[in-house]
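Visitor: As numbered in my numbering, residues 83 to 294 make up the sequence shown, in order.
Simulated from the structure, these hints should not be mistaken for laboratory data.
The reader is advised that the hints may include incorrect statements.
[To be verified] Calculated pairs, EDC-like style, for lysine to aspartate or glutamate (alpha carbon to alpha carbon, straight line, at most 16 Å):
1. Lys196 <-> Asp212
2. Lys237 <-> Asp212
3. Lys248 <-> Asp269
4. Lys257 <-> Asp269
5. Lys237 <-> Asp202
6. Lys257 <-> Glu218
7. Lys257 <-> Glu195
8. Lys180 <-> Glu195
9. Lys243 <-> Glu267
10. Lys180 <-> Glu144
11. Lys237 <-> Glu256
12. Lys257 <-> Asp212
13. Lys243 <-> Asp212
14. Lys180 <-> Glu170
Quick caveat: nothing in here was measured; it's all calculated off a predicted structure.
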Amino acid sequence: MLKALKNALLSFLMLGAVCGVLYPVLVTVAAQYWFPEQANGSLVYRNGVAVGSALIAQDWSEARYFHGRPSASPGGANNAMVSGGSNEGPASVWLLEKVQERAADQRRANPGEKGPVPQDLVTASGSGLDPHITVEAALWQVQRVARARRVPPAKIRRLVKDCTEKPLLHFLGEKRVNVLRINLELDRLYPAAEPARGKAARGRTKRGAARR
Numbered sequence: 083m084l085k086a087l088k089n090a091l092l093s094f095l096m097l098g099a100v101c102g103v104l105y106p107v108l109v110t111v112a113a114q115y116w117f118p119e120q121a122n123g124s125l126v127y128r129n130g131v132a133v134g135s136a137l138i139a140q141d142w143s144e145a146r147y148f149h150g151r152p153s154a155s156p157g158g159a160n161n162a163m164v165s166g167g168s169n170e171g172p173a174s175v176w177l178l179e180k181v182q183e184r185a186a187d188q189r190r191a192n193p194g195e196k197g198p199v200p201q202d203l204v205t206a207s208g209s210g211l212d213p214h215i216t217v218e219a220a221l222w223q224v225q226r227v228a229r230a231r232r233v234p235p236a237k238i239r240r241l242v243k244d245c246t247e248k249p250l251l252h253f254l255g256e257k258r259v260n261v262l263r264i265n266l267e268l269d270r271l272y273p274a275a276e277p278a279r280g281k282a283a284r285g286r287t288k289r290g291a292a293r294r
């Protein structure tokens, strides 16, 4: 009995040291050395201040910015604390009505576009936090952004091309545009009245100002 208890205790201590100490330390050190950006949340900075994460969508509603995908996360749009989709299937009447409503909103916001509304602008992602849109969805919004920024549409199309991310390893996934990054580039190249910040970043800025 004592021998069995001794072996069990030694096994517990050994596994605790390996799984609870050595492995986490090794993974943390390796991540910070080889992938520091990803390990720290893929934060996007502007003038040394974090304005969001490249992995989490923010709300964009002004005409001068590119808009992202709808969000179905409960508790509010793009709520990273409760990530999730609507779980509605193709036979859902609610989903059909919601898609039609979003398509109508897109047509009102982009009256110059006559083709079909890109699918990702009327459907939410499974996580409700997708920070990317397709190249087609970005091009759909070019005319509106160009009018609001008072620049030629060709320049905005060029920006979409420059901000297009290639598929992982050139074959996994599709080409895509990160909405936060392209909006920051918009403000850098064609400055407007206010700097590009999503809803969460604006809240942090106000709180910081209040403290000062």
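Visitor: Hints first: check each against the structure and report whether it holds.
Guide: Now the hints, each set against the structure:
1. Lys196 <-> Asp212: Violated, at about 26 Å.
2. Lys237 <-> Asp212: This hinted pair is violated, its Cα atoms lying about 26 Å apart.
3. Lys248 <-> Asp269: violated, 23 Å
4. Lys257 <-> Asp269: Since the Cα atoms of Lys257 and Asp269 sit roughly 23 Å apart, the hinted pair is violated (cutoff 16 Å).
5. Lys237 <-> Asp202: violated, 23 Å
6. Lys257 <-> Glu218: holds, 10 Å
7. Lys257 <-> Glu195: violated, 22 Å
8. Lys180 <-> Glu195: violated, 20 Å
9. Lys243 <-> Glu267: holds, 12 Å
10. Lys180 <-> Glu144: violated, 21 Å
11. Lys237 <-> Glu256: Since the Cα atoms of Lys237 and Glu256 sit roughly 23 Å apart, the hinted pair is violated (cutoff 16 Å).
12. Lys257 <-> Asp212: holds, 14 Å
13. Lys243 <-> Asp212: violated, 20 Å
14. Lys180 <-> Glu170: Holds, at roughly 11 Å.
The structure fails to meet hints 1, 2, 3, 4, 5, 7, 8, 10, 11 and 13 from the earlier list, while all remaining hints are met.
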